[in-house]
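Participant: Listed below, chain by chain, are the residues.
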Amino acid sequence: AQSVAQPEDQVNVAEGNPLTVKCTYSVSGNPYLFWYVQYPNRGLQFLLKYITGDNLVKGSYGFEAEFNKSQTSFHLKKPSALVSDSALYFCAVRGSLKKLVFGTGTRLLVSP
Amino acid sequence: GAVVSQHPSRVICKSGTSVKIECRSLDFQATTMFWYRQFPKQSLMLMATSNEGSKATYEQGVEKDKFLINHASLTLSTLTVTSAHPEDSSFYICSARVTSGGVGTDTQYFGPGTRLTVL
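One line per chain: the protein sequences are S and E, in this order.
At position 21 of the first sequence the residue is numbered 21 (my numbering), and the sequence of numbers has no breaks.
At position 112 of the second sequence the residue is numbered 112 (my numbering), and the sequence of numbers has no breaks.
This is chain S alone, in the form it adopts within the complex (with noise of 0.2 Å):
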C-alpha cells in the first residue's frame, strides 16, 4: 500500500526566517515524490518532485526537497520565507500502483 504522511497540521515561520513542511512516506518499488501547493479555491500547483539522482531536489519559487530513502522522507524547504507562501502545501508519492496518493496537507502561515 501506498500513503503518505504530513505530520503537522500547520507550520508557522516568520518572514525571511526558513521553513520546513515534513512529509514522509510508504510505497512498493521505488518511491516519486511529489510536492504541490495549494492557494485558496484554487487547485494544485507543482513545486517539484523527485525521481532519481540527486538527493536534494530544487523547485519553483525557491522551494527546494531532500529525499532520505533511509528515512523514508521529503521534507520541502526554503531558505527565507515569504508571506505570499502562505498555502495549504501537499506532499505526494506514486510507486508500483502508479497512482498518485496525497498527504493530508500542511497549512504554511508566513507572518509579516
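Any given hint could turn out to be false.
Stated by the list, open to error - Cut-off 25 Å, straight-line C-alpha distance, at most; resulting in silico cross-link-like pairs (SDA-like, lysine to any residue):
| no. | chain 1 | residue 1 | chain 2 | residue 2 |
| --- | --- | --- | --- | --- |
| 1 | E | 41 | S | 88 |
| 2 | S | 98 | E | 45 |
| 3 | E | 41 | S | 51 |
| 4 | E | 55 | E | 74 |
| 5 | S | 99 | E | 65 |
| 6 | S | 58 | E | 74 |
| 7 | E | 41 | S | 13 |
| 8 | S | 98 | E | 27 |
| 9 | E | 41 | S | 55 |
Said to hold, decoys possible - Pair ranges (Cβ atoms, derived):
| no. | chain 1 | residue 1 | chain 2 | residue 2 | range |
| --- | --- | --- | --- | --- | --- |
| 10 | S | 68 | E | 39 | 27 to 33 Å |
| 11 | E | 9 | S | 84 | 44 to 50 Å |
| 12 | E | 5 | S | 112 | 30 to 36 Å |
Bear in mind the hints are in silico, worked out from the structure with no lab data behind them.
The beta carbon of each residue, even a glycine, is placed where N, CA and C say it ideally should be.
Chain S is fixed; fit chain E onto it per the hints.
Facilitator: Here is chain E on its own, set in the frame of chain S:
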C-alpha cells in the same frame, strides 16, 4: 509548466439536476486525465482515471452511473454529476498527466477546481 483549465469555476444547482464540468489541457495532449474530489480541510480523493477513447476507471466506492466521465479527445475530459444531491457538494479538481519518462515519473498538472453547491 503545463496548463490545465476547468469550467465552470463555480456552479450552484438544484437537487436532482445534472451538472457538467469540463477539463482541458491547454498546451499539451493528455491521454490520461484524473478527477479528484476534495472535502473542506481534507486531502484529494481520486475518483476516477479517464483515458482518451476508452471507459474511465473508477475508484472503489465511486458510483460510475452518478459521476459520468467522458474523455473524447486528447485535450478534453468532462465529469457529469447526475441527479445531484446536497451531499455531492464539494470541490472537484481535474488533473492531466504530462508524459515524460514513464507513467511512474510523469508529472500531473491540476486544474483550478470547480466548486459545486447543490441546494
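Participant: Work down the list of hints and note, for each, if the structure agrees.
Facilitator: Comparing the hints with the structure gives:
For the hint pairing residue 41 of chain E with residue 88 of chain S, the CA-to-CA distance comes to about 10 Å; that is within 25 Å, so the pair holds. Of the supplied pair hints, the one linking residue 98 of chain S and residue 45 of chain E holds, its CA atoms being roughly 15 Å apart against a limit of 25 Å. With a CA separation close to 28 Å, the supplied pair residue 41 of chain E and residue 51 of chain S exceeds the 25 Å bound. A distance of roughly 14 Å separates the Cα atoms of residue 55 of chain E and residue 74 of chain E; the hinted pair therefore holds under the 25 Å criterion.
For the hint linking residue 99 of chain S to residue 65 of chain E, the alpha-carbon distance of about 23 Å falls within 25 Å, and the restraint holds. With a C-alpha separation of about 30 Å, the suggested pair residue 58 of chain S and residue 74 of chain E falls outside the 25 Å cut-off, and the hint is violated. With a CA separation close to 20 Å, the supplied pair residue 41 of chain E and residue 13 of chain S stays within the 25 Å bound. Distance hint between residue 98 of chain S and residue 27 of chain E is fulfilled; the C-alpha atoms sit about 24 Å from each other, no more than 25 Å.
Simply put, residue 41 of chain E and residue 55 of chain S have alpha-carbon atoms about 30 Å apart, too far for the 25 Å limit, and the pair is violated. Judged by the Cβ atoms, the range 27 to 33 Å given for residue 68 of chain S and residue 39 of chain E holds: they are separated by roughly 31 Å. Distance hint check for residue 9 of chain E and residue 84 of chain S: the Cβ-Cβ separation is about 22 Å, which falls outside the suggested range of 44 to 50 Å. Range check, residue 5 of chain E to residue 112 of chain S: about 33 Å between beta-carbon atoms, so the 30 to 36 Å window is met.
Hints 3, 6, 9, 11 from the earlier list are contradicted by this structure; the remaining hints agree with it.
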